[in-house]
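Protein chains: 4
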Amino acid sequence: MRLQADPTLEPASETGWRRTWFDIIYRHDTRRARNFDLLLIFAILASVLVIMLDSVASIHTRHARLLYSMEWAFTLLFSIEYAMRLAVVRNPLRYALSLWGLIDLFSILPTYLSLLVPGSQSLLVVRVLRMLRLFRVLKLTRYVEESGVLMGALVRSRRKILLFLSALVTIAVVFGALMYVVEGPHHGFTDIPTSIYWAIVTMATVGFGDIAPQSALGRFVTSVLILIGYSIIAVPTGIYTAELASSLRGGPDAGQADPRLCTACGLQGHDPLAAYCRQCGQALPPAPGST
Amino acid sequence: MRLQADPTLEPASETGWRRTWFDIIYRHDTRRARNFDLLLIFAILASVLVIMLDSVASIHTRHARLLYSMEWAFTLLFSIEYAMRLAVVRNPLRYALSLWGLIDLFSILPTYLSLLVPGSQSLLVVRVLRMLRLFRVLKLTRYVEESGVLMGALVRSRRKILLFLSALVTIAVVFGALMYVVEGPHHGFTDIPTSIYWAIVTMATVGFGDIAPQSALGRFVTSVLILIGYSIIAVPTGIYTAELASSLRGGPDAGQADPRLCTACGLQGHDPLAAYCRQCGQALPPAPGST
Amino acid sequence: MRLQADPTLEPASETGWRRTWFDIIYRHDTRRARNFDLLLIFAILASVLVIMLDSVASIHTRHARLLYSMEWAFTLLFSIEYAMRLAVVRNPLRYALSLWGLIDLFSILPTYLSLLVPGSQSLLVVRVLRMLRLFRVLKLTRYVEESGVLMGALVRSRRKILLFLSALVTIAVVFGALMYVVEGPHHGFTDIPTSIYWAIVTMATVGFGDIAPQSALGRFVTSVLILIGYSIIAVPTGIYTAELASSLRGGPDAGQADPRLCTACGLQGHDPLAAYCRQCGQALPPAPGST
Amino acid sequence: MRLQADPTLEPASETGWRRTWFDIIYRHDTRRARNFDLLLIFAILASVLVIMLDSVASIHTRHARLLYSMEWAFTLLFSIEYAMRLAVVRNPLRYALSLWGLIDLFSILPTYLSLLVPGSQSLLVVRVLRMLRLFRVLKLTRYVEESGVLMGALVRSRRKILLFLSALVTIAVVFGALMYVVEGPHHGFTDIPTSIYWAIVTMATVGFGDIAPQSALGRFVTSVLILIGYSIIAVPTGIYTAELASSLRGGPDAGQADPRLCTACGLQGHDPLAAYCRQCGQALPPAPGST
Numbered sequence: 001m002r003l004q005a006d007p008t009l010e011p012a013s014e015t016g017w018r019r020t021w022f023d024i025i026y027r028h029d030t031r032r033a034r035n036f037d038l039l040l041i042f043a044i045l046a047s048v049l050v051i052m053l054d055s056v057a058s059i060h061t062r063h064a065r066l067l068y069s070m071e072w073a074f075t076l077l078f079s080i081e082y083a084m085r086l087a088v089v090r091n092p093l094r095y096a097l098s099l100w101g102l103i104d105l106f107s108i109l110p111t112y113l114s115l116l117v118p119g120s121q122s123l124l125v126v127r128v129l130r131m132l133r134l135f136r137v138l139k140l141t142r143y144v145e146e147s148g149v150l151m152g153a154l155v156r157s158r159r160k161i162l163l164f165l166s167a168l169v170t171i172a173v174v175f176g177a178l179m180y181v182v183e184g185p186h187h188g189f190t191d192i193p194t195s196i197y198w199a200i201v202t203m204a205t206v207g208f209g210d211i212a213p214q215s216a217l218g219r220f221v222t223s224v225l226i227l228i229g230y231s232i233i234a235v236p237t238g239i240y241t242a243e244l245a246s247s248l249r250g251g252p253d254a255g256q257a258d259p260r261l262c263t264a265c266g267l268q269g270h271d272p273l274a275a276y277c278r279q280c281g282q283a284l285p286p287a288p289g290s291t
Numbered sequence: 001m002r003l004q005a006d007p008t009l010e011p012a013s014e015t016g017w018r019r020t021w022f023d024i025i026y027r028h029d030t031r032r033a034r035n036f037d038l039l040l041i042f043a044i045l046a047s048v049l050v051i052m053l054d055s056v057a058s059i060h061t062r063h064a065r066l067l068y069s070m071e072w073a074f075t076l077l078f079s080i081e082y083a084m085r086l087a088v089v090r091n092p093l094r095y096a097l098s099l100w101g102l103i104d105l106f107s108i109l110p111t112y113l114s115l116l117v118p119g120s121q122s123l124l125v126v127r128v129l130r131m132l133r134l135f136r137v138l139k140l141t142r143y144v145e146e147s148g149v150l151m152g153a154l155v156r157s158r159r160k161i162l163l164f165l166s167a168l169v170t171i172a173v174v175f176g177a178l179m180y181v182v183e184g185p186h187h188g189f190t191d192i193p194t195s196i197y198w199a200i201v202t203m204a205t206v207g208f209g210d211i212a213p214q215s216a217l218g219r220f221v222t223s224v225l226i227l228i229g230y231s232i233i234a235v236p237t238g239i240y241t242a243e244l245a246s247s248l249r250g251g252p253d254a255g256q257a258d259p260r261l262c263t264a265c266g267l268q269g270h271d272p273l274a275a276y277c278r279q280c281g282q283a284l285p286p287a288p289g290s291t
Numbered sequence: 001m002r003l004q005a006d007p008t009l010e011p012a013s014e015t016g017w018r019r020t021w022f023d024i025i026y027r028h029d030t031r032r033a034r035n036f037d038l039l040l041i042f043a044i045l046a047s048v049l050v051i052m053l054d055s056v057a058s059i060h061t062r063h064a065r066l067l068y069s070m071e072w073a074f075t076l077l078f079s080i081e082y083a084m085r086l087a088v089v090r091n092p093l094r095y096a097l098s099l100w101g102l103i104d105l106f107s108i109l110p111t112y113l114s115l116l117v118p119g120s121q122s123l124l125v126v127r128v129l130r131m132l133r134l135f136r137v138l139k140l141t142r143y144v145e146e147s148g149v150l151m152g153a154l155v156r157s158r159r160k161i162l163l164f165l166s167a168l169v170t171i172a173v174v175f176g177a178l179m180y181v182v183e184g185p186h187h188g189f190t191d192i193p194t195s196i197y198w199a200i201v202t203m204a205t206v207g208f209g210d211i212a213p214q215s216a217l218g219r220f221v222t223s224v225l226i227l228i229g230y231s232i233i234a235v236p237t238g239i240y241t242a243e244l245a246s247s248l249r250g251g252p253d254a255g256q257a258d259p260r261l262c263t264a265c266g267l268q269g270h271d272p273l274a275a276y277c278r279q280c281g282q283a284l285p286p287a288p289g290s291t
Numbered sequence: 001m002r003l004q005a006d007p008t009l010e011p012a013s014e015t016g017w018r019r020t021w022f023d024i025i026y027r028h029d030t031r032r033a034r035n036f037d038l039l040l041i042f043a044i045l046a047s048v049l050v051i052m053l054d055s056v057a058s059i060h061t062r063h064a065r066l067l068y069s070m071e072w073a074f075t076l077l078f079s080i081e082y083a084m085r086l087a088v089v090r091n092p093l094r095y096a097l098s099l100w101g102l103i104d105l106f107s108i109l110p111t112y113l114s115l116l117v118p119g120s121q122s123l124l125v126v127r128v129l130r131m132l133r134l135f136r137v138l139k140l141t142r143y144v145e146e147s148g149v150l151m152g153a154l155v156r157s158r159r160k161i162l163l164f165l166s167a168l169v170t171i172a173v174v175f176g177a178l179m180y181v182v183e184g185p186h187h188g189f190t191d192i193p194t195s196i197y198w199a200i201v202t203m204a205t206v207g208f209g210d211i212a213p214q215s216a217l218g219r220f221v222t223s224v225l226i227l228i229g230y231s232i233i234a235v236p237t238g239i240y241t242a243e244l245a246s247s248l249r250g251g252p253d254a255g256q257a258d259p260r261l262c263t264a265c266g267l268q269g270h271d272p273l274a275a276y277c278r279q280c281g282q283a284l285p286p287a288p289g290s291t
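Just so you know, the protein sequences line up as chains A, B, C and D, in that order.
Here the first sequence is numbered in UniProt numbering, starting from 1 and rising by one per residue.
Here the second sequence is numbered in UniProt numbering, starting from 1 and rising by one per residue.
Here the third sequence is numbered in UniProt numbering, starting from 1 and rising by one per residue.
Here the fourth sequence is numbered in UniProt numbering, starting from 1 and rising by one per residue.
None of these hints come from the bench; they were simulated from the model.
Heads up, the beta-carbon is just placed ideally off N, CA and C, and yes, glycines get one too.
Careful: at least some of the hints might be erroneous.
[Claimed, not checked] Examples of chain B residues lying across from chain A (beta carbon under 8 Å, computed): (1) A212; (2) S215; (3) S223.
Bound-form chain A, shown alone:
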């Protein structure tokens, strides 16, 4: 829902071309608005493809000129789109400072900046800026209305998952430091941050193998770390599954959403099916509509 266009955005005027274009750009329920959306998705994907191809050395050397032109073409196209978006809303600043407004801006800025910061020594910087244009991809999610359910369950289990992640990081810090002592720099565990990186890679069962224990004790500690990671990999899955199952079912959360207070004892959190307070037996007001 937060990924939808900001509902507080209003057209700059109720009639005229600004109203027409507002409907085309910000709404998604007419034929013309949908065509505009499809066109934009196509342009975004194409521009990302151009950036990706440009990064491949063999393609860059052969088609540098073409890719450079296309990059500018897309940048101009998105600049016009950005100007239009600003022009047709009543409060352009609100759009410009919203999450999507910033992403729209960042996806055109780097190309312009690459003109101001020329020279061979700034190549690396330019690459950083160009990378930002890939945030364009994020725009795609705006068009997915259905992500609501999945996103909702994720947002509701956010606190629990953050808690879990901090427990994970704590274990990674302790085991990272332990492995730094046990294995030491000559086995690849060059410092504690590197060891922590290794511990995260190991606990999450990624296991690149760029760093790996080589002593017997190190391998034993690693086995223990893996078994710990393997035991708690269940936790985020459990959190999310329980949350999603309950939201598909309209479950405990629906129960919590039941706003009825007992008029006698003040107890909240009644079963939506309940007609009487389970604590004092007082008749409850009718439920505000079942889930």
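Given chain A, put chains B, C and D in place with the hints provided.
Here is chains B, C and D on its own, set in the frame of chain A:
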């Protein structure tokens, strides 16, 4: 279910050998049909084994002749089977253009094509063609009737899983580009597509290690990517588990959707199939349409 | 349950030392039987430790004699135990041919065989035989009575998981062959069996990295394979979770276990809480004890 | 809950500065107590950061003096805190021997010990001791009150998960020994403990790739091991999800355990906390002991 033989296929004639063979080839409920199926499964597995052994250099040099003959024997066998399948159906074109018809064709074609495209320079091409014969393996799934439940839950959660995958790919694109900038070509992140490949390998916790971050910043970004991946690995599991649990249970969804109250004792939450209250025996109003 | 001592085993005689020892060896509910069990667990773990230490080159060269004696001591101890087990049951052959009887035999046999097959050239073979002694470890599970619930859910979801695994192997075969053609022997995909091994390693998100794609196309195919694997990793988890949740809840299965038939309409499968038939309203017999 | 400050700790006196500081240090519900907690969290994180940075060779050489001073500053700060904690409780020994008391002690001891054990040859030992100071990080969990639910489900599924882990280790031992025989020392499987480490790394889908099978038979055995691991990775997830779902729901388990029937309408399945029937308002018999 979609993996069953196309139910719209009809025998070419109601009597005679074509009817007999139609029943043997396309049906699975008589003794002869089952024997035919078993024979075919055995032939498919054996032919795949021959192709696999032929690819092992040491075996190929010693038994080239034998393996070559066997490959041709299986190809002829499957060609006869393919001809029979065409011969006994009323509408051969419908079979030929169905998914299974195409797989059946592709599993015999490469061997014939290897005669037309001879010479040492085409060895690679021939291998590509031969590989296609392995699609024979896919035929096996046709014989598994029980996959219905599992497949059903997968098909029903298809949209949600696709949505999840596109979110995953979006994150992979952004982080791939980021790592391309942070680590650069001299650390193995040679171009953005390669970096995206690396990001997918990392997020899915595969972690080959053929490419791995080597700078401190790169390792920090990798840790963040891994923690993101680790947090959302729960999503497809949650989707599928909730879907499967609800279909095994015949559904809380179904239960809650049933709005009927017992007129005698007021109990809600009846089985949609129930005609009488399970608590007091009172006749229930008719269900508003089963799920 | 199948891992318990075979309940069909009966003491060789109802009195005397054979009865006494039968109770000590095969039962687990007296003080002496428990002491015997603990002693056996300790001996098994110690003997496995000896084998493990003996395999470490630096320890072997220093303590070869000691470890050799201990290995023989444990072998004699387990041989006596095996003879006792045979002696105190009424039908020794039934025990000898049961799963546990065979494991007990295989855990002592290799040491004796190493006497008959001497000579330096056969050392490798002897090692194979010695490895079998590690099956002793499997004995440990016999003592875990509680594994019943977990094992039960695993056994009940056995068919579904096998189906899933064969789908996994089918995909691995097709993608293995595809990668053999795409990457070829000079990138490590030396033959189709090796490629299939690589595909399994990749789909299961293990990702050793001993073999990894190096061409752009190969990396694209790998990404697709990983996304497929990532989408269906949910399947076994979903199967098992749904099965376990339902057995913890006494759920649909318990419902099926409710043996009450409606005396009027014959419907089975009532809610254990139900007092009246949900189909015809007939009073049900009392439930045979709630789950 | 076990991670909270020990509820049996009592202030040394009911009035005076000791009471004041007891409330600041051990309680978390006043403004000053919260400020103290925040300050302590900040100090812990900063001190861990200093240790981490000190381990990076390039930073150590440039800022050795600064980092050394900061390490001593934090050590003194935590020493004062430790002394305060001892001073304000009635029974200092009970605190000192509690889990948190020991962690608090271990997080300051190593720095002092590094004075007593000087000399270049003992540098490695000092590193071991310094690592222990990272246990400070563990203190952080004390401040997370919400981890109760997640921790509770983990604690309740503890037995099942331990059982699962021992099954995992058993399989790892058998397959480790098998691979030691199949692949042998010249392929990296130098001894059985190393092979077991490899089997754990493989089954848990970490797959570093530092050791990998190279023979055809070894790769086949590895594939089997991976498929086994892939099938049972569902088990801890299933256990935890089922446990968490049931505790979020307030539980079918709880519901089923409550045997009370409403004497008026006969409804069963009441909340164990309920004193009145939620359907008809009738007073319920007292619950037979809450779950």
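Status of the hints after comparison with the structure:
Annotation: interface hint on A212(B) holds; nearest CB of chain A at approximately 4 Å, less than 8 Å. At about 11 Å, the closest approach between the beta carbon of S215(B) and any beta carbon in chain A exceeds 8 Å, and the interface hint on this residue is violated. Interface hint at S223(B): satisfied, since its Cβ lies 5 Å from the closest Cβ of chain A, which is below the 8 Å cut-off.
Against the hints set out earlier in the document, a violation occurs for number 2 only.
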